[in-house]
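Enquirer: Sequence:
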Amino acid sequence: MQDGPVIAAVAALLGDPARANMLTALMDGRALTVSELGAVAGVALPTASGHLAKLEAAALLTVERQGRHRYYRLSGPDVATVLEGLMDLAERTGAARARTGPRDAALREARVCYDHLAGERGVLLLRGLVARTWIDEARPGLTDAGRAGLRGLGLDIAALERGRRPLCRCCLDWSERRSHLGGALGAALLGHVLGSGWAARGHGRLIAFTPDGARAFAETFGPEG
Numbered sequence: 001m002q003d004g005p006v007i008a009a010v011a012a013l014l015g016d017p018a019r020a021n022m023l024t025a026l027m028d029g030r031a032l033t034v035s036e037l038g039a040v041a042g043v044a045l046p047t048a049s050g051h052l053a054k055l056e057a058a059a060l061l062t063v064e065r066q067g068r069h070r071y072y073r074l075s076g077p078d079v080a081t082v083l084e085g086l087m088d089l090a091e092r093t094g095a096a097r098a099r100t101g102p103r104d105a106a107l108r109e110a111r112v113c114y115d116h117l118a119g120e121r122g123v124l125l126l127r128g129l130v131a132r133t134w135i136d137e138a139r140p141g142l143t144d145a146g147r148a149g150l151r152g153l154g155l156d157i158a159a160l161e162r163g164r165r166p167l168c169r170c171c172l173d174w175s176e177r178r179s180h181l182g183g184a185l186g187a188a189l190l191g192h193v194l195g196s197g198w199a200a201r202g203h204g205r206l207i208a209f210t211p212d213g214a215r216a217f218a219e220t221f222g223p224e225g
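According to the working numbering, the sequence shown is numbered sequentially starting from 1.
Check the hints yourself; a few may be wrong.
Claimed, not checked - In silico lysine to aspartate or glutamate, EDC-like type, Cα no more than 20 Å apart, as pairs:
{"no.": "1", "residue 1": "54", "residue 2": "36"}
{"no.": "2", "residue 1": "54", "residue 2": "78"}
{"no.": "3", "residue 1": "54", "residue 2": "64"}
{"no.": "4", "residue 1": "54", "residue 2": "16"}
Said to hold, decoys possible - Pair by pair, the computed Cβ-Cβ distance ranges are:
{"no.": "5", "residue 1": "21", "residue 2": "220", "range": "46 to 56 Å"}
{"no.": "6", "residue 1": "212", "residue 2": "82", "range": "32 to 42 Å"}
{"no.": "7", "residue 1": "211", "residue 2": "59", "range": "39 to 49 Å"}
{"no.": "8", "residue 1": "212", "residue 2": "105", "range": "14 to 24 Å"}
{"no.": "9", "residue 1": "211", "residue 2": "82", "range": "32 to 42 Å"}
{"no.": "10", "residue 1": "59", "residue 2": "93", "range": "36 to 46 Å"}
{"no.": "11", "residue 1": "70", "residue 2": "15", "range": "37 to 47 Å"}
{"no.": "12", "residue 1": "133", "residue 2": "214", "range": "18 to 28 Å"}
{"no.": "13", "residue 1": "33", "residue 2": "133", "range": "40 to 50 Å"}
{"no.": "14", "residue 1": "220", "residue 2": "138", "range": "18 to 28 Å"}
{"no.": "15", "residue 1": "12", "residue 2": "46", "range": "13 to 23 Å"}
No lab work stands behind these hints: they were computed from the structure.
We treat Cβ as the ideally placed atom computed from N, Cα and C, and that holds for glycine.
Working from the sequences, and respecting the hints, build out all of it.
Expert: So this is what it looks like as structure tokens:
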């Protein structure tokens, strides 16, 4: 089967500005209602419903019903990865402003990409794990030293490896133009950062580190000695 028609069909869905705005609003992993997504896209409710029906039919979105409301979310982290890649491509090819990434310095420092850490700190996380030889970036995959080190932090690596999702995935970061860590491990490490109180979710995609949290993050995941 030729891939061209499939790629064209998905590209046509992403190429509509209203639908693109809806999808990027969901990149922080939240579920939003039709009215919330319509407001993001700047379209009326019936128009928003039509767009969302097309995205759901294409398996780019999933929907959950709760009472009278329908909540939409991205169907998986691969959708967020594609969107970040398109943002980077748009800027590199001149379709968007030359400056890479979001204007907000805080978002450039740390933000969520669906369910894992992106921005400067996301890139530093991957670079630190590679420098510690906890991750083999060429595969990419977790090394024996990485399994031992992360188990020491309380992560259930065996459970992550049993899941259907890839354990480690390198995602090109929109603002840094280098890879950050996605996959099941990337999501688990963001959970560890938030659970440890080193950072908290801010507005939208923002991840806000405390000064002590930033130091603990660097000591735990940065290059050793």
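Enquirer: Of all the hints given earlier, name the ones this structure violates by number, lowest first.
Expert: 5, 10, 11
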